[in-house]
Amino acid sequence: MSANDTKPLRCATAGSVDDGKSTLIGRLLFDSKSLMTDQIAHVDEASKRRGLGRTDLALLTDGLRAEREQGITIDVAWRYFATPKRRFVLADAPGHVQYTCNTVTACSTAEVAIVLIDARKSMTEQTRRHLFVARLLGVKSLVLAINKMDAVDHSHEVFVRVRDDVTAYLSALPKNLRPVDVSFVPVAALTGDNVVEPTRAMPWYDGPPLLQHLESLPNDEQLDAGARFPVQWVIRPQSDDHPDYRGYAGRLASGTLSVGQQVRVAPKGRETTITKIETARGDVAELTAGVSATVHLKDDIDVSRGDMIVALDDGPRITREIEASITWLHETPARVGGTYWLRHTTREVKATLESVDATFDVLTGAEIPFTGTLGLNDLGRVRLKTSAPLCVDAYRDRRATGALVLVDASTGETVAGAMVLPE
Amino acid sequence: MSRLPGHLASLEDEAIFVLRETVASRERPVLLFSAGKDSILTFHLARKAFAPARLPIAVMHVDTGHNFPEVIAFRDAYLKAADVPLLVASVEESIRKGRVADVTGPRASRNALQSVTLLDAIRDHKFDVAFGGGRRDEDRARAKERIVSVRDDLGQWDPKSQRPELWDVFNMRLRGGEHLRVFPISNFTELDVWEYIHAEKIDVPSIYYAHTREVIERDGMLLANGPHLTHLAGERPIITRVRFRTVGDATCTGAVRSDATTIEGILEETISATVTERGATRADDKFSEAAMEDRKREGYF
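Protein chains in written order, with the numbering used here: chain A, 1 to 423; chain B, 424 to 724.
The set of hints was computed from the structure by calculation and includes no laboratory data.
Warning: the hint list may mix true and false statements.
[As the list claims (entries may be wrong)] Quick list of simulated restraints, FRET-style, between CB atoms:
#1 Gly-600/B <-> Lys-33/A: 53 to 59 Å
#2 Thr-653/B <-> Asp-283/A: 51 to 57 Å
#3 Asp-283/A <-> Ala-524/B: 52 to 58 Å
#4 Gly-600/B <-> Ser-32/A: 41 to 47 Å
#5 Ala-524/B <-> Thr-411/A: 47 to 53 Å
#6 Lys-350/A <-> Asp-642/B: 40 to 46 Å
#7 Pro-218/A <-> Thr-653/B: 54 to 60 Å
Keep in mind the model is a prediction, meaning the values are calculated, not measured.
Glycine is no exception: its CB is placed at the ideal position from the N, C-alpha and C atoms.
Generate coordinates for the entire structure from the input sequences, incorporating the hints supplied.
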């Protein structure tokens, strides 16, 4: 299997301030030879100008002025690199609590979360927050990189202690948030031990280095579920060449869709048959999830943007009342009873925030009763009522049709991301 | 069904998804087209996204007046073949109207002036969204750019108050005076672009291929000698075999020494390249650590 035949592995990285995350990423890029000489020269020069004794690999990723001035990462940076075996997309999220919304952003599309821990400090509140957010956002695999092992004499005991702390935290999470796949890799990003190259400093560790471990992780795919095809746009050329052409453009969110298949157009519910599926690479008999396509239907029925072409069996829940986990992303706190724009797949409707039923204590992972404010970086559970029906799935089963974004109706700002809970 | 490698197919599907979401959500989209490889790729994907219907997006070139003649000839022929009309927003025109003052001196580049011309054109034509060919692998500031990015009424980008962008659910809402910049090929790398151009047999201007050209060597870069380039003391033109990795304003776009006369040759050079495309070829990014961020803040694409 070569890098060209596989989908890239989408990774989010998170760490507390000074855990050495930017250094780790710099090391991954540097040691996998994904950096160009001018990028390295630039970092060398910038490090010298700052009077640093050693090349600061963090300067590779911290590109914004404010980041360089404060020596911290503020915004999510997107990086691409490849090994002969695998392509990677890294969403590098800053660690500080005030930038939790960036951890949320990075985790929203990630299949793997790489969470950094400083071996000297073990778990901090930030670590708990990162682990909690990753699981709340449905990231399947967690990779704990226990960093700065060089600063604890490469001690196996320290590694085991950190691993046990993390394991205890994760197993105390609510059942639906407990991770499926967790792994621990001891590393020293500064010296490069166990990041790309194996290390001799930790003979007690018999697993692969971090990069090799990432190469072996599976993509997060589900193929055997009923189709969800949100319609983005109706293509009607009305030209002499194509007088009667009418195709429904969209990207298959999950499942498969085949020519000849009986389908339902939700939410209204008319049934019809798929007659043709066009993609950017030609016509296909079967469409797989993630592929953009233009679908043709046998019957001339009313289908427009925001409708969803779905499987007859195993269809979505059609509802105006939704219970969801929520991450609040804006300085203005949630207004209970307030109305927001709600964006779900290709549909935008008005939604009322009926109630905030609980917030999460990230230190323990437990729900606590709502005390009156759901503000920036708070995580909670809410009820929403929409002005028109949505075709939703539980987020834990299908991310694309379980994800909601709330937008402030007066400012246009994105205020929250929400994940539909099971009925 | 054509055989496109899996990673390029995913990138193609994502770009088409973004193009359709944007056009469906806004009223008056425009695609910024310089006839550089990234804008050609964006245009190509936009046509695929809405085929067989006509492109529901206007196409506009922000013209600095300092062009490579081959690129302008390519631009016109390419769009004519596609039967798509072109709008030109001219920096020369902005200078004549007194909207901006021309820059002078040997290191003068009109790159920064483009922002004013672009914003004027967006206002005049009432565009509410401009598609660009920006990619996140180009630069440290670009790496932090959203796919859908809001510009205020002065066209400014505020990197500290970007909207969070979760999943692929894009917030396309605007307040009066604001517009969106949307980057459908954000996640392509330089190598992906060339691999895609190769796989899809897309034409690009001849200056991307190796050719013999008179150049001036300055700051470790090869700048095309021409009427718009003022020489520094002691600079002598040399004739050598080069190609361009990016296409921009002729006064600040550097060439690289090359023998690649085919796409295969370019791919080979890109795979073994040891310098980034901007590091090799953009004089304007060398002035400071955050040159791109500063230009973007002021409305640059």
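How the hints compare with the structure:
1. The hinted window of 53 to 59 Å between Gly-600/B and Lys-33/A is violated, with their beta carbons roughly 46 Å apart.
2. Checked against the hint of 51 to 57 Å, the C-beta distance between Thr-653/B and Asp-283/A comes to roughly 55 Å, which is consistent with it.
3. At roughly 55 Å, the beta-carbon separation of Asp-283/A and Ala-524/B lies within the given 52 to 58 Å, and the hint holds.
4. Checked against the hint of 41 to 47 Å, the pair Gly-600/B and Ser-32/A passes, with Cβ atoms roughly 45 Å apart.
5. About 36 Å separates the C-beta atoms of Ala-524/B and Thr-411/A, a value inconsistent with the hinted range of 47 to 53 Å.
6. Under the hint 40 to 46 Å, the C-beta atoms of Lys-350/A and Asp-642/B, about 56 Å apart, miss the expected range.
7. At about 58 Å, the CB distance of Pro-218/A to Thr-653/B agrees with the hint of 54 to 60 Å.
Of the numbered hints given earlier, the model fails hints 1, 5 and 6; all others are met.
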